[in-house]
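**Student:** Given next are the chains, with one letter for each unit.
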Amino acid sequence: MKEFSFFSPGTLDEALSLLSQHKDSVSVIAGGTDIVLELNERAHTAQAVVDISKIKDLRYVKVVDGVVRIGALSTFTDLENDPYIRDHVKSLYSACYYVGSPQIRNLGTIGGNVANASVAGDTPTALISLDATVVLRSAAGKREMKITDFYSGAGKTQLEKDELLTEIYFDAPTENMATAYTKLGKRKALVIVVIGLAVLLERDCNNICSKAQVVIGAVARYPKRLPSIEHYLVGKPITKETFEGCRDMFSQIVYDMIPTRASVGYKKESVKGVANKTFNSILKDFSLSGGEE
Amino acid sequence: MEKIRVSFNLNNEDVTIETFPNKRVVDMLREDFGCTSVKEGCGEGECGACTVIRNGEPVTSCTMLAGQVAGDRIVTLEGLSKNGELDILQKTFMEAGAVQCGFCTPGMILSAKALLMKNPHPTREEIRRALSGNLCRCTGYTKIIKAVEMAIEE
Amino acid sequence: MSDRDFTVIGQSVIRKEALSKVLGEAKFAADYKFDGMLYGGVFRSTVPHAAIKRFDASKALALPGVACVLTAKDIPGKNKTGIIIKDEPCLVDDKVRRVGDAIALVAADTPERVHEALDLMEIEYDLLEPIFTIERALEEDSPKIHGTTNIHAKKHLECGDVDAAFAKCDVIVENTYSTQMLSHMFIEPDAGVATYKDKIITVYASTQNPHYDRSDVAGVLGLPSNRVRIVQVTTGGGFGGKLDISVQCHIALLAYHIGKPVKMVRSRTESTIVSAKRHPMTMRAKTGATKDGKIQAVEVFMTGDTGAYASYGPAVITRAVVHCMGPYEVPNVRVDAVFVYTNNPMSGAMRGFGVPQAAYCHEGQMNAIAKELKMDPIELRLLNAHRIGTTIATGQVLTDSVGFKETLLAAAAKAKEVM
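Chains as they are written, first to last, in this note's numbering: chain A, 1 to 293; chain Y, 1 to 154; chain C, 1 to 419.
In isolation and in its complexed conformation, chain A is listed as follows (with noise of 0.2 Å):
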């Protein structure tokens, strides 16, 4: 590892007035599970590095008025243990669930899956299904942006050096939906995406969906909303059939995304499974016959 200066702030206020001080050669860690490994192999290198894991007040989960907000800080396990995540928001819980490993879900972030982009992040491809929000903050203010938008940049996010992503935040999925979320990967545990579907579908009295938010992760450089999938979901029964319907279409539509990548005939045909697997859980949480188990 080359040299830095290290920082451990202990408040939100000193992280942000460190960035400003710091924002010409500045690494930011939070769990540091990616970027403690660039630096030891001499690939990334910055003069000073903020460890802003001490901030207690950016780790946290709480809902109010109806919307679900979670501190940047939060690791994968707080999520995965967070009992309201775990009851009523399933495609997040399923993103936290099968990051890496235990000791990887005990260090990371959140906010550091969303903030640091790997094209194999995880909750980025929830996080868009439930179409949430990022807060970001610096000395200077604090902006908001959907995460969409966040992630528009070719190649990088919207964040600038001297801000920190504190908070993201989203609707609290109502009685009326539910959302799942399924990796696939070559085996169960420390495993890099290959495939990430996340969902969220609502329907009205008559079992029609009213609603759908369909994101592909992992195969595009960024997670991928799938509007021609949406279109073709509302309107249409929440049944077992209307769902076989649309398989050929995601086969059809990773194809368009890589279609040239030498991974592209396994996903087109993979994302067939992984589709349906994710209907199922969602067939379950609405008591619909053809769900799983």
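Source of the hints: derived by calculation from the structure; they are not laboratory data. Among the clues, some could well be false.
[What the hints assert, rightly or not] Taking lysine-lysine pairs in the BS3-like style, the calculated list, with each CA pair at most 27 Å apart, reads: (1) LYS27(C) to LYS82(Y); (2) LYS143(Y) to LYS95(C); (3) LYS224(A) to LYS272(A); (4) LYS414(C) to LYS143(Y).
[Stated by the list, open to error] Selected chain A positions facing chain Y (Cβ under 10 Å, derived; list incomplete): (5) SER8; (6) THR11; (7) VAL49; (8) ASP51; (9) GLY100; (10) GLN103; (11) ARG105; (12) LYS186; (13) VAL194.
[To be verified] Counterexamples of contact, computed for chain A against chain Y with all Cβ distances above 10 Å: (14) GLU3; (15) GLU14; (16) SER17; (17) THR33; (18) VAL64; (19) GLU144; (20) LYS211; (21) ARG225; (22) GLU230; (23) TYR232; (24) THR242; (25) GLU244; (26) ASP248; (27) ASP256; (28) ASN280; (29) ASP285.
Glycine included, every Cβ here is placed at the ideal spot set by N, Cα and C.
Using the hints provided, position chains Y and C relative to the given structure of chain A.
**Tutor:** For chains Y and C alone, kept in the frame of chain A given last:
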């Protein structure tokens, strides 16, 4: 480069060290404290050989900077046996034949210990998940899981 | 015999070193520490095939804390190592043969300084055409990696009259099988410490082959064997991958030059790039049977990629050849094998020594024959299985310990249970 001062609790003892900030926790524990039970197998949080228990939870010490453990309680395998008395897991790992080359053993025992501290009666599936971040390339997993189950029974 | 004699015999005993391992006290190579110890590192090639035009370590040498930089010309003995064929230089002299070839060594006071010194070394290459495929290696106009031919081993095995046997077969299947390179991924990356005291070099290393290590270290240093000690310390897995020389000669050379203990611990990346791999092989197989299911003839042509250095290639080729028929009686056999050098990573010993590759081929052929004959694949195997008294293609008569039928039946029963 300026040294940093890190105070934390290591194996039930309060310690303070002046060390370089560009050291990882695994390096600090091995070099500054002589805790060589903490092994580096991959250096990227994939193999779990460098696992230590931090505030009751297993973490990979190769993915953390030394300064990050300030104020924490860290347990390494050196801190598991008390006054020469082996921890139950250390006994069952021996009895079950869960030790082969031995390089994964420290991390494996600590992941199991962290599990039992939280959940004294885990199911086999819970054991498997708790150990899923620790690789054993001799592939002695069956006996390792048996060792944890033996520890639960006692 | 009294009961006292059976306290160990027939008992399940706890392995001797288990206690030190569960206590975390067992010392692996990276855990050794000596007074005044320095750290070593290796400057490695980033190209697969090249002559070195210019190498300059002056900036690295000027770095405070750097004790020395060594290249091939600092080797007092023979710059050749290797298990069977001594074809791997300790440090590159004439040319680079793979990505990761060792070009220079550095010793410094901290591991961080070693990295800094390596970053400061400068090199320029005259690139040569790299060979990545067996086909290219065998072409007449291809560049030669060692000497005048890229073939490092050839084997031929023949028994019976293969052509006549095929003429009488009712079914013949022909297929080509390819296997890939594999890495052992022993969990402990290669490491070692060398000391030079009282004119004795002692190497504490993670190794599977201390006796071979000794002759290579003695050869490189030009010392008689009685001045070289190799201590195999607790070793974190090898699976064949720690049979080749790793850090031993390098740390010995550094310790010999500066008179201080030197430790070297490879990162996972360095270990993976440099350590031996399982041989990638291509097997073109022709198998014939009569309609009763009896295998009459097998013909195989196999090629293997041993990479830049032979390592255990000459042993692997033999094993692969003699196991081409699998555990089946085949009266007429012809196998030809050619192993070649390429500029790929070195292939060597890995659990099975070429037999798993051959198994992929003969089991594929058995399934193909079963399909042609519409026979149950297990029936077909039982019909042709080795038994006590079988004479195999090498002329060896199997006189005992032939458990294949029982194993297959037990496996089939278990498979039915779970399927």
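**Student:** If a hint holds in the structure, say so; if it doesn't, say that too.
**Tutor:** Do the hints match the structure? See the list:
1. LYS27(C) to LYS82(Y): holds, 21 Å
2. LYS143(Y) to LYS95(C): Not OK: LYS143(Y) and LYS95(C) at ~48 Å, beyond 27 Å, violated.
3. LYS224(A) to LYS272(A): Since the Cα atoms of LYS224(A) and LYS272(A) sit roughly 17 Å apart, the hinted pair holds (cutoff 27 Å).
4. LYS414(C) to LYS143(Y): Holds, because 21 Å separates the two Cα atoms, which is no more than 27 Å.
5. SER8: Holds, because the Cβ-Cβ distance from SER8(A) to chain Y comes to roughly 5 Å (cut-off 10 Å).
6. THR11: Check failed: Cβ of THR11(A) comes no nearer than 15 Å to chain Y, outside 10 Å.
7. VAL49: holds, 7 Å
8. ASP51: holds, 5 Å
9. GLY100: With Cβ-Cβ at 7 Å, under 10 Å, it holds.
10. GLN103: holds, 4 Å
11. ARG105: holds, 9 Å
12. LYS186: violated, 13 Å
13. VAL194: This interface hint is violated because 17 Å lies over the 10 Å limit.
14. GLU3: violated, 4 Å
15. GLU14: holds, 14 Å
16. SER17: About 18 Å separates SER17(A) from the closest Cβ of chain Y, which puts it past 10 Å; holds.
17. THR33: About 5 Å separates THR33(A) from the closest Cβ of chain Y, which leaves it inside 10 Å; violated.
18. VAL64: Consistent with the label, VAL64(A) stays out of reach of chain Y, its closest Cβ about 28 Å off (over 10 Å).
19. GLU144: Per Cβ check, GLU144(A) is outside 10 Å of chain Y; nearest 29 Å; holds.
20. LYS211: Holds, since 34 Å exceeds 10 Å.
21. ARG225: Consistent with the label, ARG225(A) stays out of reach of chain Y, its closest Cβ about 31 Å off (over 10 Å).
22. GLU230: holds, 34 Å
23. TYR232: At about 36 Å from chain Y, TYR232(A) clears the 10 Å cut-off, so the statement holds.
24. THR242: Per Cβ check, THR242(A) is outside 10 Å of chain Y; nearest 33 Å; holds.
25. GLU244: Holds, because the least Cβ-Cβ distance between GLU244(A) and chain Y comes to about 31 Å, which exceeds 10 Å.
26. ASP248: holds, 34 Å
27. ASP256: It holds; ASP256(A) is separated from chain Y by about 33 Å at its closest Cβ, greater than 10 Å.
28. ASN280: holds, 21 Å
29. ASP285: holds, 22 Å
In this structure, the hints that do not hold are numbers 2, 6, 12, 13, 14 and 17, in rising order.
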